[in-house]
Each structure stands twice: as structure tokens, then as C-alpha cells.
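Sequences listed follow chains A and B, in order. Going by the numbering used here, the first sequence opens with residue 4, and the numbers climb by one from there. Going by the numbering used here, the second sequence opens with residue 231, and the numbers climb by one from there.
Hints are computed from structural coordinates only; laboratory data are not their basis. Given the structure is predicted, the values throughout are model-derived calculations rather than measurements. It cannot be assumed that every hint is accurate.
Examples of chain B residues lying across from chain A (beta carbon under 7 Å, computed) [claimed, not checked]:
no., residue
1, Leu262
2, Arg311
3, Leu315
4, Met323
5, Arg364
6, Leu365
Cut-off 25 Å, straight-line C-alpha distance, at most; resulting in silico cross-link-like pairs (SDA-like, lysine to any residue) [said to hold, decoys possible]:
no., chain 1, residue 1, chain 2, residue 2
7, A, Lys233, B, Ala329
8, B, Lys319, A, Glu132
9, A, Lys233, A, Ala218
10, A, Lys233, B, Gly368
11, B, Lys319, B, Ser238
12, B, Lys319, B, Arg442
13, A, Lys233, B, Lys319
14, B, Lys319, A, Ile142
15, B, Lys358, A, Leu228
16, B, Lys358, B, Gly369
17, B, Lys319, A, Arg234
18, B, Lys358, A, Arg156
19, B, Lys319, A, Leu235
20, A, Lys233, B, Ser326
21, A, Lys201, A, Val30
22, A, Lys233, B, Gln356
23, B, Lys319, B, Gln341
24, A, Lys233, B, His357
25, A, Lys233, B, Ser367
Yeah, the Cβ is synthetic: ideal placement off N, Cα and C, and Gly gets one too.
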Amino acid sequence: MQDFSEAFGLAASLILGFDADLGEIIVLSLRVSLSAVLLAALIGFPLGALTAVLSFPGRQAIAVLMNALMGLPPVVVGLLVYMALSRAGPLGWMNLLYTPMAMIIAQTILVTPIIAALSRQVMEDMHREYDEQFRSLCIPTRRVMTALIWDSRYSLLTVALAGFGRAIAEVGAVIIVGGNIDHLTRVMTTAIALETSKGNLALALALGFVLLILALSVNAAVYSLRASAKRLSYA
Amino acid sequence: MPSAKTTSLLPLEVSSLSYRVDQETLLDNIDLSVDSPGISVIMGANGAGKSLLLRIVHGLLEAHSGAIYWHGVAMAETLRRRQALVFQKPVLMRRSVAANIDFVLRPMGGQYRQRRDELLHQAGLQHKRNQPARLLSGGEQQKLALARALATEPEVLLLDEPCASIDSASTLQIENLLHDTRQRGVKIILVTHDIGQARRLADDVIFMHRGRILEHRPAASFFDSPSSPEGQAYLDGRIVV
Ligand SMILES: Nc1ncnc2c1ncn2[C@@H]1O[C@H](COP(=O)(O)OP(=O)(O)OP(=O)(O)O)[C@@H](O)[C@H]1O
Ligand SMILES: [Mg+2]
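With these hints in hand, go ahead and build the complete structure from the sequences.
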């Protein structure tokens, strides 16, 4: 076990020296989680808009279900995706297990309910306000949905950032379907778990630091987006 | 744009219309027939049911009993398309002033930018076109809502206190705009508390009191000698309960 202060020193030199392995891990992490959030937004925003706009029996039940799915345990998602993608599974023929694509799929499943549920709340409030005006103007449902998505774009960006925060920080799903293979599927969280267990605290600390910075910047971005949306009275 | 002849949506026939919430009767067995073109003004104290009546004839609220016919056709979405309602509290989208107008113009096709600038000019808002609509002042928001309603080229224009927070110069400007709109054959039904405005604009007056219509008469005769004591008291500015 290294000395703690030595670990801090090493971590700093890894970051400041733009260590290649470290960079590779960070880039893959961002690629996987950003792709997952993008896919989740493509599914989640329209889904959120649809459930905000349509009134059908069972709508309340769907809202409850979506909220419950927000808390999906990553390891359970990982397990299910693993089973689907494994050789014997229904999607085994695609040979995706232990690839970044498998990790993207798992994180998309993890993040979509978050984005759908949060964006539904945002757009439901806005819909309540716009509804009579839209009905007066006879706006068709599709157009109501796109208008809600566009008019809540600032709030939806913060929703997407919340999803990104969840994706980049989770370890359970990616470790199961990615396998933490060096130079292939190793991302920040899985690397931290591995390096810590190997006693290589320097790399773990360096990655932990980067992760922390990312989390902080996501929060800062959310905060400033909210502020500028409020200033423009778009929120 | 509708021609100078009057809209084919008239007459508006409302029969035995009632609207209740819980046990309270908010509109009580209303009968109304509006067949003349021009401007009909609805007056009455706060809570008389004026806004409710507008919503119901526009088909936004379902009455519990009674029927609404426009030119013999029961109220339906196809009729609502030919009407526009400016709400008492304007609902503006979280977009720029210009984009609020574009939202209704774009689906109508054609060269909408020029038309939008015309409408903004009429409303005196051209210098605010790029500003977020929700940062407009209360009166400016009302003007924008009116401009948006006119953008739909309605045959019937329903206005719920469109000048409530508008200064006197702009009120004059809007009254002129309404007058022009009327001349183009658009039927206007206007709710207002401004007795002076009602005198200037009204062809006929509908006076409401506690969910009922007490009077519906040509403007001149209503202002000369209202037949109901409540109408008289309202014009005198006395409190009626
Ligand atoms: N959804 C509702 N639930 C309960 N009461 C309602 C509802 N909508 C309207 N009312 C009541 O119906 C009455 C008439 O309302 P309405 O908005 O039509 O009044 P109004 O004549 O437009 O008044 P004002 O001049 O203040 O605008 C009011 O007393 C109001 O409280
Ligand atoms: Mg009202």
C-alpha cells in the first residue's frame, strides 16, 4: 500500500502530465455516457412530452411507473443487459457483450426513465399553462409536443445533465456488460474500483479527482443554465 | 382574409345553457342570440360569468346543459378554427415576441415574415420583436395576444378585457384596430369594464349579473335607459350585490 501523500503526488503528475492511459479512460467514459444520454434524450423527451400531453386512463399509473424506474439499480440493469447480450441471450448474435456499445445500451436504459420522468414533470406544468391557448388555436397534438419540448429547452438541458451525472458516475452496469477490459471497455468508475482493489491508489485518485471535477462542472452548468433561463424568463 | 361581407358563422344561438361547478351554478339557464354583425359588448360585475360564457361559446368548456350553435352548426373544433379568443390573462409562449406570432402564422404557409411585421407594427410592438415575450409589460403582453389572435384571421374574435392594463393612448390605438377589424366583417364579442369603451365600440350590449343575462339590447337603448335595476346601478357605478 502506497503512502497517501505519495499517492496524491502521483495522481497530480498523472493529470498534469496528460497520462495516455488516464486520457484514454476519460475519453471512453465521456463517449459512452454522452452517447447514452443523447439516446436517452431522443427517447425520453418525446416520451415525457407524450405523457404530459395525452390524457388517457392509466396515465397516472404510467407516471408512477416512470418515477419508480428512475431508481433502477445499475447492477440490475447490467444483469438484464448482460443476459440479453450474452451468447445464449436473444441478442447474443450481435456480439456486443464486452464492447462500448453494450455499455452505451446499459446506460441508455438506466438514464431514459430519469429523462422521461423529469421532462414529463417539466412539460406537464407548462402544458397546464398553455393548454387552453393551444386548444383555442386548434394546435394538433404533435405540434403541441414539439412546442413544449422547444419551450422547455433550458429545463430539458438540465434534465439531460442530471442524466449525464447519473451515467458517468455509475459503476454497476458498465462493469457487468463492459467487463472493465483494459484499452477497450475501461471507464473511470470501473478503473477506480479495480485500481483501488489492486492497491494502485495513484491512478484511482487521479480518476476520482477527474470524476469529481466533472460532477462539479455538471452542477455548475445546471446552475448557470437555470439562471440564464430565468433571466430570459424562459423557465 | 374574410371579405367585407359579414362572417357566415352568425347567428350565434345559445339556448338553456347552464354551467355548474360542484353545487354552485355559475351560468344559469342562459339564452342568447347574436345575429347582427359588428361588436357585441358583454358587461357585468366581477364574477358575473362573462369569461366563462366566452370560453363556453368558443368550445373550451363543456356546458352541463344547453346547446350552442353557430349558424345552425353545433359547436365543434372546425368552428373553433374560424374563431380566436384573447384570454383575460394572456398566455404567451416562452419565445421571442416575433416567434409567438410566427407560431400561428407558419402553418398557414406563405410569406409569413412580412405579415408578422405588419401585425407587430399594428400592435405597436415592432421594436420589441426580439425580446422574450414574457418580459413584456402587462399591457404589451395583451397587445401581443391580440396581434396573435388577429394573425389567425378569425371570422369571430372573442376578446376578454383586451384593454384591462392598457394606457389610454394605446387603448385608442386598439379601439381603432378593432374598428378596422369590424369593418372587414369580423364579428367581435368583447368583454369590458370600461363603460366609455363600451359606448365607443358597442353595437349591442349583453349585460350579465350573477350567471344570468339580464339584458341584451342595442347599445344606444341600453346606455340611455337600462331596463334592469342592476344594469342601471352598474352604469351608475353603484355596487350591486
Ligand atoms: N373552475 C371553476 N371552479 C369554480 N368556480 C369557478 C370556476 N371558473 C369560474 N368560477 C367562478 O365563476 C364565476 C364567474 O367567473 P368568470 O371568470 O366568468 O367571471 P367574470 O364575469 O369574467 O369576472 P371578471 O370581470 O372578474 O373577469 C366566478 O365567481 C368564479 O369564481
Ligand atoms: Mg373575466
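Practice task
Please work out if lysine 319(B) and leucine 235(A) have their alpha carbons no farther apart than 25 Å.
Solution key: Answer holds: lysine 319(B) to leucine 235(A) is near 20 Å, not above 25 Å.
Handout entry: lysine 233(A) paired with glutamine 356(B) [C-alpha distance capped at 25 Å]
Key = This hinted pair holds, its Cα atoms lying about 24 Å apart.
Practice task
Would you mind confirming whether the straight-line C-alpha gap from lysine 201(A) to valine 30(A) stays at or under 25 Å?
Solution key: With a Cα-Cα distance of about 23 Å, the restraint between lysine 201(A) and valine 30(A) holds, given a limit of 25 Å.
Problem - Distance restraint between lysine 319(B) and arginine 234(A), which requires alpha-carbon spacing of 25 Å or less - result: 22 Å, holds
Problem - Holds or violated: lysine 233(A) to alanine 218(A), with C-alpha atoms at most 25 Å apart - result: Holds. Lysine 233(A) to alanine 218(A) sits at ~23 Å (cutoff 25 Å).
Handout entry: Given pair status - glutamate 132(A), lysine 319(B), alpha carbons within 25 Å
Key = Holds, at roughly 11 Å.
Exercise for the section: For the hint on leucine 315(B), just tell me whether its beta-carbon gets within less than 7 Å of chain A. Expected result: Check passed: Cβ of leucine 315(B) comes within 5 Å of chain A, closer than 7 Å.
Practice task
May I ask you to test the interface hint for leucine 262(B) with respect to chain A, counting a Cβ-Cβ separation under 7 Å as satisfied?
Solution key: Because about 20 Å separates leucine 262(B) from the closest Cβ in chain A, which is outside the 7 Å limit, the hint is violated.
Exercise for the section: Answer holds if the nearest beta-carbon of chain A is closer than 7 Å to that of arginine 364(B); otherwise answer violated. Expected result: 4 Å, holds
Handout entry: chain A contact restraint on arginine 311(B) - CB to CB distance below 7 Å
Key = Nearest chain A Cβ about 5 Å off; hint holds.
Problem - Restraint status (C-alpha distance of lysine 358(B) to glycine 369(B) at most 25 Å) - result: Holds, at roughly 13 Å.
Exercise for the section: Tell me if methionine 323(B) is really an interface residue toward chain A, meaning its C-beta lies closer than 7 Å to one of theirs. Expected result: With a minimum Cβ separation of about 6 Å from chain A (threshold 7 Å), the hint on methionine 323(B) holds.
Checked against the numbered hints given earlier, this structure breaks hints 1, 11, 23; the rest are met.
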